[in-house]
Every structure is written in structure tokens, then in C-alpha cells.
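Undergrad: Those protein sequence lines, which keep their order, are chains A and B. Residue numbering for the first sequence follows our numbering, starting at 313 and increasing by one per position. Residue numbering for the second sequence follows our numbering, starting at 60 and increasing by one per position.
Read the hints as simulated data drawn from the structure, not as lab findings. Fair warning: there could be bad hints in the mix.
[To be verified] To give a feel for the contact side, a few chain A residues facing chain B, derived at Cβ under 7 Å:
| id | residue |
| --- | --- |
| 1 | Val360 |
| 2 | Ile368 |
| 3 | Thr409 |
| 4 | Thr414 |
| 5 | Gly420 |
Think of the CB as a built atom: it goes at the ideal place given N, C-alpha and C, for glycine as much as any other residue.
Listed below are the residues making up each chain.
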Amino acid sequence: DTEVTQTPKHLVMGMTNKKSLKCEQHMGHRAMYWYKQKAKKPPELMFVYSYEKLSINESVPSRFSPECPNSSLLNLHLHALQPEDSALYLCASSQETSAQETQYFGPGTRLLVL
Amino acid sequence: GENVEQHPSTLSVQEGDSAVIKCTYSDSASNYFPWYKQELGKRPQLIIDIRSNVGEKKDQRIAVTLNKTAKHFSLHITETQPEDSAVYFCAGNFGNEKLTFGTGTRLTIIP
């Protein structure tokens with residue numbers, strides 16, 4: 313399996329809802345990432361996990377809560393989001409977090425916050 | 060901090076002609092430069108990458124050149140086809156766990 317998968321593909325939620333995004337990879341990668349991408353912009357890094365431990369949090373608001381239950385899974389828990397949080401949320405993985413490792417992206421979850 | 064500038068922001072090319080996208084960076088610590096292609100509504104997909112120990116890499120119609128002294132790298136697509144239409148992002152990994160992306164180039168191939 314050489315793919316990163318994400319569920320759901322689309323998500324619509326109200327500002328008072330709690331939802332979760334899921335990401336899975338079976339490539340044996342030990343680094344996993346969450347990105348946020350707005351229309352016509354590059355992906356913007358949110359979190360990095362290395363060996364199931366959070367190594368980078370790019371000053372993301374606490375209404376976004378990441379979780380890495382095991383080396384293959386990455387979740388992003390969402391609570392009390394704002395309309396400006398509507399975006400494409402991309403998961404990625406790489407063998408390690410070292411400087412020359414290729415990152416492979418999942419298809420993303422398109423989130424709309426009403 | 061790290062910064063990657065990408066030009067042009069939009070590029071229209073006649074089918075069969077070549078397309079060139081350029082990126083410059085400010086931090087000399089980067090050793091790895093991937094290029095991603097993102098079609099509308101799809102994930103970014105790695106199309107080619109180059110590491111600092113080489114100056115050029117080619118894969119069929121796609122090539123990347125790197126000039127570390129001048130701190131710039133370029134994507135070259137030859138014999139362009141309609142399916143090459145997409146947004147292309149350059150990126151650099153500046154010695155840490157993060158990829159810094161360029162602002163993107165929307166490439167349109169005119170049939």
C-alpha cells in the first residue's frame with residue numbers, strides 16, 4: 313500500500329459541532345503531518361508527528377486538536393470552529409522527519425464551517 | 060526565516076511547447092527541493108525532486124535544475140500536453156522537519 317488515505321472526503325459542520333478527521337498510511341512511515349490549504353494558496357503546515365509524538369505545532373488554535381493513536385493513524389479533532397476554518401485539510405506522511413524525506417499527501421478533507 | 064519565491068504565478072503555454080517555472084530561496088541550508096503538481100480538487104502529488112548534490116535531474120518530459128550558488132531551482136516541462144494543466148508548487152526543506160512551499164504557478168496548456 314503506497315497511499316495515504318483520509319476520511320471523510322467532505323464535511324459540513326456548525327460552529328458548535330465536534331467532529332474528527334482521520335488519516336491512515338501503511339507505508340511504515342514514522343512522520344505524519346496535518347496541513348491546511350485555502351483556495352489558490354500553498355499547503356500551510358499545522359502539526360508534525362514524529363514516532364507518534366507531537367514535534368511541531370505551528371501555533372494552531374486549540375480548537376484543532378491532533379492525535380496520533382499509533383504509527384499508522386493520525387486524527388484531527390475539531391471543536392467550536394469558525395467559518396474562516398473552512399479549507400482543504402491535507403494529511404501527509406514521510407519515512408522520517410529528516411530534511412531530505414519526501415512527503416506523500418492524502419486526498420484531503422474539504423471542510424465547510426457554517 | 061525561510062522564504063521561497065515562485066514565478067510566474069500563472070503561465071499559459073501552447074500544447075507541445077515547453078514550460079518553465081522558477082523558484083528562489085533565501086536560506087542556503089536547504090538540501091532537498093521537491094516539486095508538487097496539484098490538479099483541481101486533488102491532492103498535491105510529487106512529480107520530481109532534487110537533492111543538493113546534483114545540479115539537474117530528468118524524468119521523461121520533466122526536468123529540474125538547481126543552482127545552489129544563485130539559490131534558485133527551476134522546473135522544465137517539455138512537449139506539454141493538456142493533462143499538464145494544474146497548479147505546480149516548488150518547495151524546500153531547510154534543515155528541519157518542515158517543507159516551505161512556493162506560492163504556486165497555475166499552468167494552462169492551450170490545445
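Undergrad: For each hint, tell me whether it holds in the structure or not.
TA: Here is how each hint holds up against the structure:
With a cut of 7 Å, the hint placing Val360(A) at the interface with chain B holds, because the nearest CB-to-CB distance is about 5 Å. Interface restraint check for Ile368(A): the shortest CB-CB distance to chain B comes to about 6 Å, inside 7 Å, so the restraint holds. Restraint check, Thr409(A) versus chain B: the minimum CB separation of about 4 Å is within 7 Å; hint holds. This hint holds: Thr414(A) has a C-beta 6 Å from the nearest C-beta of chain B, less than the 7 Å allowed.
Nearest Cβ of chain B to the Cβ of Gly420(A): about 6 Å, under the 7 Å cut. The hint holds.
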